[in-house]
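Undergrad: Protein chains in written order, with the working numbering: chain A, 7 to 263; chain B, 7 to 263; chain C, 7 to 263; chain D, 7 to 263; chain E, 7 to 263.
Some hints here could point you the wrong way.
Note that identical chains are pooled: a pair holds if it fits in a single copy or bridges any two copies.
To be verified - Think about it this way: if two alpha-carbon atoms lie no more than 20 Å apart in a straight line, the pair counts; the simulated DMTMM-like pairs of lysine to aspartate or glutamate are: (1) Lys139 x Asp63; (2) Lys145 x Glu47; (3) Lys16 x Glu258; (4) Lys145 x Asp63.
In case anyone wonders, no lab produced these hints; they're calculated from the structure.
For clarity, every value in this text was computed on a predicted model and none was experimentally measured.
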Amino acid sequence: MERRTPPRTKEGWYILHDFRTVDWDAWRAAPDHVRERALEEGRAFLADCEAVDDAEDGDSAMFAMLGHETDLLFMHIRPTMADVEQVGRRFDQTAFAEFTERADSYVSVAEVSDYVTEAYFEEDEEVENAGLKRYLDQKLYPQIPDAEYVNFYPMEKRRQPEFNWYDLPFDQRSEHMSSHGDIGRSYGGKVSQITAGSIGFDDYEWSVSLFANDPANIKNLLAEMRFDPSTSKYAEFGRFYVGCRFDPHDLEAYMAG
Amino acid sequence: MERRTPPRTKEGWYILHDFRTVDWDAWRAAPDHVRERALEEGRAFLADCEAVDDAEDGDSAMFAMLGHETDLLFMHIRPTMADVEQVGRRFDQTAFAEFTERADSYVSVAEVSDYVTEAYFEEDEEVENAGLKRYLDQKLYPQIPDAEYVNFYPMEKRRQPEFNWYDLPFDQRSEHMSSHGDIGRSYGGKVSQITAGSIGFDDYEWSVSLFANDPANIKNLLAEMRFDPSTSKYAEFGRFYVGCRFDPHDLEAYMAG
Amino acid sequence: MERRTPPRTKEGWYILHDFRTVDWDAWRAAPDHVRERALEEGRAFLADCEAVDDAEDGDSAMFAMLGHETDLLFMHIRPTMADVEQVGRRFDQTAFAEFTERADSYVSVAEVSDYVTEAYFEEDEEVENAGLKRYLDQKLYPQIPDAEYVNFYPMEKRRQPEFNWYDLPFDQRSEHMSSHGDIGRSYGGKVSQITAGSIGFDDYEWSVSLFANDPANIKNLLAEMRFDPSTSKYAEFGRFYVGCRFDPHDLEAYMAG
Amino acid sequence: MERRTPPRTKEGWYILHDFRTVDWDAWRAAPDHVRERALEEGRAFLADCEAVDDAEDGDSAMFAMLGHETDLLFMHIRPTMADVEQVGRRFDQTAFAEFTERADSYVSVAEVSDYVTEAYFEEDEEVENAGLKRYLDQKLYPQIPDAEYVNFYPMEKRRQPEFNWYDLPFDQRSEHMSSHGDIGRSYGGKVSQITAGSIGFDDYEWSVSLFANDPANIKNLLAEMRFDPSTSKYAEFGRFYVGCRFDPHDLEAYMAG
Amino acid sequence: MERRTPPRTKEGWYILHDFRTVDWDAWRAAPDHVRERALEEGRAFLADCEAVDDAEDGDSAMFAMLGHETDLLFMHIRPTMADVEQVGRRFDQTAFAEFTERADSYVSVAEVSDYVTEAYFEEDEEVENAGLKRYLDQKLYPQIPDAEYVNFYPMEKRRQPEFNWYDLPFDQRSEHMSSHGDIGRSYGGKVSQITAGSIGFDDYEWSVSLFANDPANIKNLLAEMRFDPSTSKYAEFGRFYVGCRFDPHDLEAYMAG
């Protein structure tokens, strides 16, 4: 009945993935002036989100989604959980929201752990190395990468008799995380990611968002990871989404097909 | 085919977690006088709940939820199961209920067991120690802590060939519970909890509600517990919710985005 | 590839658990004369059911439910499956049905087996012992106990490599059933039950309905059973419901909150 | 990595199980002339189906269902898959369809295999034995038995480490099928069945439809089979339905409660 | 903690399976001129899709589906993921879309791997052999075969303690894939297929679409594969669909029953 050593973590900004379907029947049936007002309010809300007018800092982006009968993803990153709760709710005040339904969502917080950045935690929370500090800041206060495609999935580690991540000694977990990270790094320049913790906030333990200009790179990165023991033996996945980024000013073009 | 010794328990107040979505389309479309009456009736109901006007004793609180396409959580604690059945139903009589849909719910009862408070059960249900009595009363007749964030999840213990909680001897279970409780106590002052039994009342065996001013503490407490064998080997979780407390008088501000 | 001896069973009356949600929005919006007619037809239907006007024999009862977003349970016991099919359908003819939606249901038949009442089956279906006959009649032709609270859940026995009920010799199963029954009997006077078979009729193998004036007794009975090997190793449960009995004449009070 | 010998099969007619709920609210609200037209078109469609006016051969039957919030089952047997696709779609053209919603469905094809009728396949597809030919024809071109009650469930064989049907040698599978069939035959005269393959057509591997005048016989047959290793170790079941047959001309009586 | 060698892959065109239900109630109720415009726009959209007017290359086809309460499948193959995102969305702009609801969908990309075509990858992406090049082109840039029936299912490989595809050495996986392919080839001329990767794009790892003039061949091919270890031990399947191809010009006949 040995209790394993948990990783130490530091938390940064909170993230809301807000998935919506479009009510295309209502959209086709709406008179022009209703559509125009909806587009105007939708565009203004999304542009305000990208400009982070609603909070001290953060980032937001919009995506046209495929699959899962979902049309839109609004991804919001903000300093506090109360911030992301409110930005999600503010969208529902717009005339554009009438043409959407909530389809899915995910709540998580950007974090770093001492699996891979032990120095950070050992040195009394003082990061002297400037390169490390920049790396940690990117992890804790992420900006959404400028890429054509997005992928999202929630995941967790197994707690099974043969494959029990939470019963592995710290060193083995750290080694797994490092090997896992090597694969990610080998896709540097092709795929970038925002990973965030969600234990207690949503149904899985982490959310992963990948960004790439070629979606095949996303597939190949994840396929390669699947052969690494940290995944082949210890990972459990939720649903997988994929989509194409679009600018708030292209909302009208999006709605026109 | 040995039958294991069950814990002895004592039950206190009943708890209803009542999750709702807001029908924002209807809200935006409603004329002012309809909204005003809805807000008035909603505020009055929620304030009456907090004041426990409907029963001899108890507590209630309201939360703005994130994730799971759920907007509101009404948490009601009352002396009897009939009390919580009625308070849940009374909300549906208000004009505000028209702008909500039921999204989820959970029924449980506050309890203490002799896993950790054996003395209580040994001494013929007489608790002479004043400190112990206060502790037990807080467990059996809980008041909702005054904190900014709430977390809710249902859970149960596994009955699998390798990890069978219900086939462990009492002493081992008691040791697990004690080790598990140590982690909780190490977050004293940062996270407080209301735990309640639900075997026969709802689909899991317990409900857990955590309260904290910093949601990262909720995540870290639950992550740390995940490395304890009582969780890594014996726990199965349901869905996880998180939300922000709000005062009944802020219902109008909430609905305004 | 040994085939195990199945229990011999005798079947009695058929049981329909008919779960409904109330459409409170429609109810609040309905004019008084529509509500009055709905209440009148609802009350009349439910009173007719309790009086078993629609069949040769049986019993019916109504409950205000908590949890699972379900409001009402109509429990109907009748001599044939065609009887319960029709009584369920007849409700949908009433004006009250307009204010409800079907939420769940369960179909089963009261049965006795020779796990515990071997004598019954050995003696050429002749039961000479008057006490035994009364016991069997209560099992086969159950009347709904007069208690304040109801609990319902479907269950089945596992067919897994390590825990395979259907691969146990008859004697071991019989011993399990007897040990399981001992726990139930120890709650005599506090909790009574109606257990019915549903293999081929619905998704689980049995339905269990428990009745008690104190719901904590239902929880404690089921928790105690969970430590018995017949449950800890061999039982798989469906959803759990709990509710409060009410009289057809209190339908108006129920609908008024 | 040995590949096991699959059974040889011969396919006959295609089967569609088309499950519907009735929209009772719409039915109660409909004016008399709308109801009359709906009943007329519904009766005509169902009578045409029973008479197999839409294809070269086959059979159809209607059932009043219990449980699963489903009201009606239309079972259609036709020579080709295109036939059953069209007969399902033709119902939706009737005015009666407006008062129903699709609730579930299942697609399968009647088949015989050489697990139990090897001779058939050995002799160059020539069946000399007249009794065997009649048996095979009944299996391949089934007529719906004239019985009061129907049961339906989909099923499949397990592919697990300990219980892997698809890794058993042909002889063992054949022995299992034969033992399984013995139980079925012991209910001859009391329960008859239509079993059909659905690999690639629907989510399970077979559909089973049982017919009996006493539903207790259906339960007891399936319970007995559950103790046979072919089921206790190798079967996985989907949902179970039960219902009562009715004549197209009784559609009005059915809709009247 | 050995990391296994992943296959090298090359990606071709993207594929969207877009499943729809028909709203038959709305269709029956619609006035003639509304139906006519819907049919006209639906036919034009589908004919444009088949003619691939919306992208540089690709293919599209329409199917009348059975089962899963789904009526239509639109299968679109296009050079980029953005192409298939847009073609799916363009359908929702047509007046015909008003009579459909999205029921399911699947996103994947045609790919070849070096499990079976190692030469391709060894020779610096130069394919000298003309026959191999034609084979690879058919895999990467598939045209939808001209056959009466379609089958669709998503699948993935297991990552379990005993059956862990992702922990097998490359050679064993390659051998499995080759044995698996042998079965497929033995159905040459009877069943053709389009297989595509979907890791990171949708919930399973591959999508499979089979095409045949006799649906029994689809069933028998998949049944035979189920006895091959690559399936009996390592495959996990999603839902299975089956349907009949139809020409865009037959849309009116389809809607007329």
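Undergrad: So, for every hint listed, does it hold in this structure?
TA: Outcome of the hint check:
In this homomeric assembly, Lys139 and Asp63 come within 20 Å of each other (Cα to Cα) only inside a single copy, at 19 Å, whereas the closest approach across copies is 48 Å. For a Cα distance limit of 20 Å, the shortest separation of Lys145 from Glu47 qualifies neither inside one copy, at 32 Å, nor across copies, at 45 Å. Taking CA atoms no more than 20 Å apart as the test, Lys16 paired with Glu258 passes in neither setting, with 40 Å inside one copy and 35 Å between copies. Taking identical chains as interchangeable, the C-alpha atoms of Lys145 and Asp63 lie at most 20 Å apart only when both belong to the same chain, with a minimum of 15 Å there against 40 Å between chains.
Hints 2 and 3, counting from the list given before, are not met by this structure.
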